[in-house]
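Colleague: Chain by chain, the residues run as shown.
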Amino acid sequence: MTQLALVIDLNVCVGCHACVTSCKEWNTSGQAGPLSDFDPYGADPTGTFFNRVQTFEVGEFPNTETVHFPKSCLHCEEPPCVPVCPTGASYKRAEDGIVLVDYDKCIGCKYCSWACPYGAREIDEKQKVMKKCTLCVDRIYDTALAERDRKPACVLACPTSARLFGDVHDPESEVSVAIREGGGYPLMPEWGTQPANHYLPRRKTKLRIHEDELVRADNPLKVDGKLPKPAKAEPSLDDVTSW
Amino acid sequence: MHPAFSVIFLTTLIGVGQGLFLALFTVESYSAFGLLPPQDSRFYALGSALALGFLVAGLIASFFHLGHPERAWRSAAKWRTSWLSREVIVLPAFMGTVLLYGAAHFTGFNPALATLPSGAAVNVTAILGVAGTALAFALFVCTGMIYACLRFLQEWHTPLTVINYTLFGGASGFLLASGLASIMAPDMTRFYAGWTLILVLLALVGRAASLLRNARLKPKSSMRTAIGVKHPRIVQKAQGAMGGSFNTREFFHGQSAALLRQVKWVFLILVFPLPVGLLAGGVAMESPALLLAAFVVQYLGLLMERWFFFAQANHPQNLYYQAVS
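Chain order of the listed sequences is A and B. The working numbering puts the first residue of the first sequence at 1, with every later residue one more than the last. The working numbering puts the first residue of the second sequence at 1001, with every later residue one more than the last.
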């Protein structure tokens, strides 16, 4: 069975928000209607987003590290938001594992957002329905697009390729290999939601230099004393003896 | 969580309606077995109308919670998995039963359908009453489980949630029944007052237990599991938006911790000792005004109790929304 998902490499993400803006651009222009914004150029703007990049500081000065953390729906394999929906508007597709909301059935009761521990769902205050990441379901199957463009908008926009997209149930897919070999982990595993999206950890590239590598015992450049002068009778080889 | 007034009114109002209906049928079943003198059917009819009024008011309040109230009929679809859907089915069923129960008493259409071996007659109202009682308890379970089934809202994820919804509904309904009885059936006032006292005390035990439990809760999620970085000190520097979002509005009560504590003590006083005092005074002085005042005071307290119930619940998504920038 297919389970489409994103794998987000926190080691590579630079926090540029390109995924946020490209997500908003694609999904606010679609058939399902805009992702409403209110007071976008005013003092107190607010709006609906599928994807946000947050920033965390890990550690204490001076040993701190900045972690940019893109957060969107994780398309859980056991989505807690789906069974609580009273209308069936919130559902998980059997064929590709994407968790979607049917905007025509949603009554806007917000119960699914209470049931999501990740805060992945946001209500559209204008359309009054719950919205969330669709993994660009209107893009990834669009045969009018070139094969290389059939990916979520955020994945295509990422300038550092921090976002990978694919089937996490296919052990040979790019995302499965990345999770397996890059130590991919799910968020809040304690709730048993089994998120399909995974995150790749920060990795430190360390160069380990030993003392004897700094001062080489056999350094040909070190200043040596002159070799002793061989006797005239000794056989001479120009390369190994000196006068 | 952000306490939504629509839900606060829904849960408290239907609780009163359920409790009042249970109170009415308690007396009817007692009198069917000759344990209490039979009451005038007008008492049951008016009581049912009052209960129905509370249920309708709660239902109306619930519509203010919906973004699309015109699609509310759809919410009966997923009763196999959703407690909210189950509540949506059980609430109208219970309202219909209360309506029929009241109508049977009002019209006097109450033929005996069977006779028990003890000689007690099984009337139409007895059948409707038993059905209504079952539905009232089913509705308490549905309403409570809507909150108790959300496992990561740890403050709610306990059987005490369902128990307390039931006890608060019962206590407020029986208290209203005491007031109603003092006007329409004075000889029932002491019976109802006694049960009210028992239910209020049980509710006190249940709520105190949940307050103690919640004070000792350890959150399962932390910043470490939220972003998967194993470090004891993780501080948010930006949440991805400067102007707030649904996530910053829906999951915070927006009040200070001091106010939360004050609300807790005020509701503890308004729900438990004050109505009990007024109830005792009302029974001793045979004053319907005092008994109704006791109900009003307790209902105000229940509104605050429900506000506190929502405000106290700490959603794990708040870990992602701790600092704007």
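Hints in this document: simulated from the structure, not taken from any laboratory. Be aware that one or more of the hints could be misleading.
Below 30 Å or equal to it, Euclidean Cα-Cα: the simulated BS3-like pairs (lysine-lysine) are [unchecked claim]: (1) K128/A / K92/A; (2) K1220/B / K204/A; (3) K206/A / K1230/B.
On a predicted model such as this, the values are computed, not experimentally measured, just so you know.
Colleague: It remains to establish, for every hint, whether it holds in the given structure.
Modeller: Against the structure, the hints come out as follows:
no.	hint	verdict
1	K128/A / K92/A	holds, 21 Å
2	K1220/B / K204/A	holds, 29 Å
3	K206/A / K1230/B	holds, 19 Å
Of the numbered hints stated above, none is contradicted by the structure.
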